[in-house]
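Chemist: Chains as they are written, first to last, in full-length UniProt numbering: chain C, 1 to 362; chain V, 1 to 362; chain X, 1 to 362; chain P, 1 to 362.
The set of hints was computed from the structure by calculation and includes no laboratory data. The model shown is predicted, which means the values in this text are computed figures rather than measured ones. Please note that a few of the clues may not be correct.
Heads up, the list lumps identical chains together, so a pair's fine if it works in one copy or across two of them.
Quick list of in silico lysine-lysine cross-link-like pairs, BS3-like style, CA-CA up to 30 Å [to be verified]: (1) Lys-42 - Lys-6; (2) Lys-47 - Lys-351; (3) Lys-42 - Lys-351; (4) Lys-280 - Lys-42; (5) Lys-6 - Lys-47; (6) Lys-280 - Lys-225; (7) Lys-6 - Lys-280.
Protein chains: 4
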Amino acid sequence: MALLSKLTAIPPGIQTAEDYLAHAQPRLSPEVLHYLEGGSGKGISLKANLDAFDGVQLMSRPLTDVRCGHTRINLFGQNFEHPLLLAPIAYQRLFHDHGESVAAMAANAQTGQMVVSSLASQSLEEIIEAAGQPLWFQLYWQGDRPRTLRLLNRALSAGYNAVMFTVDAPVKQAVMALPDDVRAVNLESPLSQPPVQANQSLVFDGWMTQAPSWDDVAWLRDQIKVPLLVKGLLHTDDVANTLRLGCDGLVVSNHGGRVLDGVPTSLAVLPEIANMVAGKACLLFDSGIRRGQDAFKALALGADAVMIGRPYIWGLSVAGALGVAHVIRLMRDELEMTMALSGAATLADIKLSSLSDSALGR
Amino acid sequence: MALLSKLTAIPPGIQTAEDYLAHAQPRLSPEVLHYLEGGSGKGISLKANLDAFDGVQLMSRPLTDVRCGHTRINLFGQNFEHPLLLAPIAYQRLFHDHGESVAAMAANAQTGQMVVSSLASQSLEEIIEAAGQPLWFQLYWQGDRPRTLRLLNRALSAGYNAVMFTVDAPVKQAVMALPDDVRAVNLESPLSQPPVQANQSLVFDGWMTQAPSWDDVAWLRDQIKVPLLVKGLLHTDDVANTLRLGCDGLVVSNHGGRVLDGVPTSLAVLPEIANMVAGKACLLFDSGIRRGQDAFKALALGADAVMIGRPYIWGLSVAGALGVAHVIRLMRDELEMTMALSGAATLADIKLSSLSDSALGR
Amino acid sequence: MALLSKLTAIPPGIQTAEDYLAHAQPRLSPEVLHYLEGGSGKGISLKANLDAFDGVQLMSRPLTDVRCGHTRINLFGQNFEHPLLLAPIAYQRLFHDHGESVAAMAANAQTGQMVVSSLASQSLEEIIEAAGQPLWFQLYWQGDRPRTLRLLNRALSAGYNAVMFTVDAPVKQAVMALPDDVRAVNLESPLSQPPVQANQSLVFDGWMTQAPSWDDVAWLRDQIKVPLLVKGLLHTDDVANTLRLGCDGLVVSNHGGRVLDGVPTSLAVLPEIANMVAGKACLLFDSGIRRGQDAFKALALGADAVMIGRPYIWGLSVAGALGVAHVIRLMRDELEMTMALSGAATLADIKLSSLSDSALGR
Amino acid sequence: MALLSKLTAIPPGIQTAEDYLAHAQPRLSPEVLHYLEGGSGKGISLKANLDAFDGVQLMSRPLTDVRCGHTRINLFGQNFEHPLLLAPIAYQRLFHDHGESVAAMAANAQTGQMVVSSLASQSLEEIIEAAGQPLWFQLYWQGDRPRTLRLLNRALSAGYNAVMFTVDAPVKQAVMALPDDVRAVNLESPLSQPPVQANQSLVFDGWMTQAPSWDDVAWLRDQIKVPLLVKGLLHTDDVANTLRLGCDGLVVSNHGGRVLDGVPTSLAVLPEIANMVAGKACLLFDSGIRRGQDAFKALALGADAVMIGRPYIWGLSVAGALGVAHVIRLMRDELEMTMALSGAATLADIKLSSLSDSALGR
């Protein structure tokens, strides 16, 4: 069955980002769709990530004056119109011929930011040129320090001005067989399964010998001057370590339910982590944002900003830059409406007390 | 597909108000039905409003003498046979050619009361004439004080003897495209989206500049002598403000799940609000009443009276005044039966202790 | 569609009493089936009655010596082989041509007991003659004391040796239109809706004027020497009243979910009531028993014996006396097996501590 | 419909042990499949066993150094590469022509262990010969001591070097009618229903007279020198008794939901039992393991090792020894991956603190 081609206009009837999914489905092969939408294990975390937001209650606060409110935010000296960052997602040429460049253009057209994956399917230089402004770079450990440093330096030379180090997926997850023309073009060569002897463990004696450690985080911190964020933390001890090592930010994330199934949702651990971070570093939220209301809840529970993942890929798959920009705009509108009805004029007004008491288990 | 015409008799087999829904469906266009039944966002609050009642347990108290019991109530010096008010619902000519007049006649035939919407599709004067007695008027803020005052004065001149100011929907919600012959005939002109500049927010710089504030409530209180109720409160701080400003009553409501999705149900916040109001003002309950048993539960948790919404529109859509009157009667019968089996002879006998302990989390 | 005729043998493949339901369905008209299986209101209590048992956890206690165990019980000086009484169910000729007589025979063949309804469709004398031994009589209030006393005396004269006074259904519930040949043959005339004036309440000024009160219980206690049980209590205050008035027993029941929908399940209130009764009266459990495991749980939570309702009517509808006897035997076998695996050799060994701690919320 | 024949290779597309079930279904008759997959009663425990694992949350601990990790374990002086034992399952010739021998070979090829059932369908000697190394023997009580001792001595003579005494199924459960060529070949004769008199109980006066008691455990302990484990405990008092009698190990189990329905899951009672055992005996977990993640959770909650049941029978039914070995390998790989992502390099590193706090109800 032939796939439908991209649209050159926003499809009619779209009310929310999730409405793009139905339009994306006939435009992606079953394999690509499964790769995009799937979770690990039994899919418990994938589902829990979404359900978690339903368990947090908003509270309407009518009659509050919110005229001239806005959603502006400054992260590491950079100004954005809204706190909705595009998360790093690999191989975006699976979803659109012009891949990451298209999403980066849309992010910047909406005066936001995109984090480009180590596994981008376009060259880092090409993407940043298309964007027309600095982007952030997501780093996967490349098995050893020299190799990792070469990739990192390439990104910094290209103009990426923040580094987000993903640490929660040390073992390459099962992935679809990539088409011939889609690959991680910025890597020297893909990380392959290390050879093990017959009586050795593929996991412990193989993959995990290529995984980064806390020592590597400390080393990495010394290599770069740009902001360094660690992505993929759920445990407060790991947050404490990250702060101790002088990182500039961290991302609470369970990798969208794609790595270790059955861990807590990011939303469940966010309040305690926010309490620990307490402004000492930039705290981003990832995993499960589908609507502006979700972003409001994550901000109320302590995040400084959020990352959106699958939803912008739906927009990319349907209508390219237009689709991505529309997804961002829809979520921002929802965030603004939620703020207005909750009596919050700025992001700083979004607090724990913006939620219903019962959301806090009281 | 042609819509079925109205019935001139009560349809056979009706046991409860909800049975009218099946008869209403073939008599309404899909657009109108969707407009009536829909909720905002993911519909969480719409569903939670109904489910909340199932979580409150009744307690049978056999062998109590309830002979000569009744459901009579006095609100603001007005006597009604029962505590089931018709909630303000816009554009009732979508559901019946003669719209609000028909519902008002039925309300009064059942010796109850109706609150007529600012967005009524018939003239305020025509409706009150059809009713043959004073009605209550629901007020939407008209963007500024002069315009609001002109609408208010028109209602008071027409004989409306109480004002219910709805404050939880400052931004016009998405609504269906109205047919040519159905519109808000009592407004000078419909509120339109305020113009904003390219870099401004449609929400904060547009809609919210037309929203009322607490100062406007204080101003409104000074303009009128008739009872003033504020509708759309969920937070105790807002209830306290309302009491402080000298309002005569308030309506706990989440707007039937139609505005900010994901807020608490009215039932969840009712006990704490009732505790705060403590007889200092009239406390009405709105959002989710489908049966007389539901009314009993809201009264037990502290409401003085309740408002019913969608159910009477089902009756209106099926059999006009006869249908509305029947819906009210069915709910009153259910309320009486629940009272009798619970050992309550009058509304004053319906107390927290009328419920099962487990309803209170004990 | 013609109904299937009764079987003259136990149908193949029956493992539990519930398996009889599938066989009963084609043997009953839709109206009769709906009457038997239905609950009041939204059916919340009907479903909760069954679900409640799933929330109580058993605990296996292997290696306990239970040889020579048994399920024998003595109630009011009467010996039974098991604690599974047949509950009073009206109009049993709806389910079998020979109605209550058949069920009574089966109960006694299984060395148990049946409580015959005031609304029996066969004469009290005929039923007791078929049984060949004394039965218990269920009393509905007949609107006034003289009329009630005449019915009661008829039963006592016929040889019924215990009276179970049902108090939780003072208003006649909606019932199917009875066939011409099925009626409450033991009543002087059926209780009819009392006439009310136009401005009066059908409930408060009508039905409830015929309802019994606590004074009537006291009066009734004085009229009879045989054991008197009150059926239909859920509130501890009502239990206390019953004990104070000198009744010999009581039945915790929500009338199988057929009267006031949304009250607690019998199982939920049983522990607190058992604690209050503490052996001062006979405590029976009713509403929701479908298996011997359920009976075990009710006994562990404090009941002396249980009543089964719909399940024996399924047996009656399928295979008459044989079916009823089989249903009783299946449940007794399940009870015995549950006892054996739980380490209980006699009913006295079934205690709170026979359940898993988690069943008690610990 | 003819059954599909066994495969001689691993079927394509298998990702987890559970994927074997779909391949097993067309290779087993409906009766055999029902026997394998069924639970007792309403199947509450069968389902709860699986759901319980979803309620325990893992916690990712990235950046931990787990190079050279492994899953090795020593039980009673015997070394195994992993803690995944094959549970005793009766009549394995229902699933494969060469029955238990095939599973035993696979267990040992994977450097693990199998517990052979008293109800094996092949001779104990034949199975151990096929395995090529000592196995463990599961003992069912044979009604009396002499008969039990004869069976036990046969197993010990054949080289079985540990005895697991199953105590939670004293009454033979309903079982399918076995084909002519499948039977418990190692028993002198199958235990039959003991004769009872007409007024006696089949349960108490029949089956339970053949059941073992605590005295029999003490006697058994004296008969053998090899490790003795008691299987089928849920109550801490029974665990205490087992320890007191000097047993070497115990198996927390609800018999896979096949005996007393409605008891706690093994996982629910495991922490308290582990706390009591505290290393004084070997603690095995049984009932509900379907994935390596499940094994990780049971180990974190205190088990020393786990037993897998139905999953290896699926592998046996599909592809014989190859299938069983693959099922074991898949689960071990999942266990290793879960360990690596949780920061555990060895089984000793898997602790309560390896789980999310919320798993412990905090």
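Chemist: Work down the list of hints and note, for each, if the structure agrees.
Modeler: Hint-by-hint comparison with the structure:
1. For the identical chains of this complex, Lys-42 and Lys-6 are inter-copy neighbours only, at 27 Å across copies versus 32 Å inside a copy, given an alpha-carbon limit of 30 Å.
2. In this homomeric assembly, Lys-47 and Lys-351 come within 30 Å of each other (Cα to Cα) both inside a single copy, at 26 Å, and across copies, at 26 Å.
3. In this assembly of identical chains, Lys-42 and Lys-351 lie within 30 Å of each other by CA distance solely across copies; the values are 23 Å between and 34 Å within a copy.
4. For the homomeric pair Lys-280 and Lys-42, neither the shortest alpha-carbon distance inside one copy (36 Å) nor that between copies (35 Å) is at most 30 Å.
5. Taking the shortest Cα distances, Lys-6 and Lys-47 sit within 30 Å of each other inside one copy (29 Å), while across copies they are farther apart (36 Å).
6. Taking the shortest alpha-carbon separations for Lys-280 and Lys-225, only the intra-copy value of 18 Å comes in at or below 30 Å, while the best inter-copy value is 55 Å.
7. In this assembly of identical chains, the alpha carbons of Lys-6 and Lys-280 never lie at most 30 Å apart, being 44 Å within a copy and 62 Å across copies at closest.
Violated hints, in rising order: 4, 7; the structure is consistent with all others.
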